[in-house]
Amino acid sequence: MKSFDRFKRKKDYHNTKSIVEELENLNVETIHGYKQKYFQESKHIWKTLVSKQGQADNLQGELLRQIEKLRYEAQNNGNINWDDNFEYFCAFINTSLKNESSLSTNQKETVDLIMRKIQKHGQYAHNLNANKVSDNLFDVMKIAYVDDDIYDFIADCISVIYINHPEPIAFTKKEGVYR
1 MKSFDRFKRK KDYHNTKSIV EELENLNVET IHGYKQKYFQ ESKHIWKTLV SKQGQADNLQ
61 GELLRQIEKL RYEAQNNGNI NWDDNFEYFC AFINTSLKNE SSLSTNQKET VDLIMRKIQK
121 HGQYAHNLNA NKVSDNLFDV MKIAYVDDDI YDFIADCISV IYINHPEPIA FTKKEGVYR
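For the sequence shown, UniProt numbering begins at 1 and goes up steadily by one.
Any given hint might turn out to be false.
[To be verified] Lysine-lysine pairs mimicking DSBU-like chemistry, simulated, CA-CA at most 30 Å apart: (1) 43 - 132; (2) 120 - 132; (3) 52 - 98; (4) 173 - 120; (5) 108 - 43.
[Stated by the list, open to error] The following label-pair restraints were derived from C-beta to C-beta distances: (6) 137 - 91: 24 to 30 Å; (7) 84 - 131: 17 to 23 Å; (8) 177 - 130: 31 to 37 Å; (9) 127 - 69: 19 to 25 Å; (10) 137 - 167: 27 to 33 Å; (11) 101 - 178: 17 to 23 Å.
Please keep in mind that the hints were generated in silico from the structure rather than gathered at the bench. Positions of the beta carbon are idealized from the N, C-alpha and C atoms, including for glycine.
Modelling step: build the complete structure from the supplied sequences, incorporating the hints.
Below you can see the structure in the form of structure tokens.
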């Protein structure tokens with residue numbers, strides 16, 4: 001997958017357009033059970049635009065790296081390590097995707113709801129670890145959202161950006177991000 005077949009992408013434009021239209025009609029109620037539509041594009045971004053270590057130097061790669069860090073933390077660690085880096089990831093992904101002209105208003109609203117949901121779960125886990133949640137109020141369902149659907153939706157939005165901007169978009173690495 002070293003060279004991306006742009007001719008094939010142009011040929012598949014109409015199929016891609018219908019998938020993009022389908023994404024535009026989703027909202028937070030219909031996102032449950034969402035299946036990733038742009039897995040191959042996400043895989044390409046991961047292999048070519050995400051750094052092996054540390055932050056990427058391009059927007060598409062960094063956005064995908066961050067959502068996958070959030071997914072991993074929730075699914076594998078139950079958000080036990082939630083900190084300022086994860087807070088930053090939520091805010092950065094939310095702001096970046098909401099400012100992207102390739103996404104519809106509905107997609108941007110869904111992104112906002114998803115990123116706030118991920119952040120809310122992380123903050124709950126952080127408060128639980130800091131003993132700010134009493135044992136009798138503990139709710140295991142609030143610690144981490146572990147289903148793939150919301151993470152896949154965000155990855156697809158990042159792939160839509162990549163489809164519309166296949167050249168890497170410059171990104172300045174943020175000081176203090178160690179995840």
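Structure-based check of each hint:
1. 43 - 132: violated, 39 Å
2. 120 - 132: This hinted pair holds, its Cα atoms lying about 14 Å apart.
3. 52 - 98: Holds - the C-alpha atoms of residue 98 and residue 52 are around 27 Å apart, at most 30 Å.
4. 173 - 120: The given pair, whose Cα atoms are some 25 Å apart, holds under the 30 Å limit.
5. 108 - 43: The given pair, whose Cα atoms are some 23 Å apart, holds under the 30 Å limit.
6. 137 - 91: 24 to 30 Å: Since residue 137 and residue 91 have Cβ atoms about 27 Å apart, the given range 24 to 30 Å holds.
7. 84 - 131: 17 to 23 Å: Given a distance of about 19 Å, which is inside 17 to 23 Å, the answer is holds.
8. 177 - 130: 31 to 37 Å: violated, 22 Å
9. 127 - 69: 19 to 25 Å: Check passed, 20 Å falls within 19 to 25 Å.
10. 137 - 167: 27 to 33 Å: violated, 50 Å
11. 101 - 178: 17 to 23 Å: Since the Cβ atoms of residue 101 and residue 178 sit about 32 Å apart, the hinted range of 17 to 23 Å is violated.
Taken one by one, the earlier hints fail for this structure at numbers 1, 8, 10, 11, listed in ascending order.
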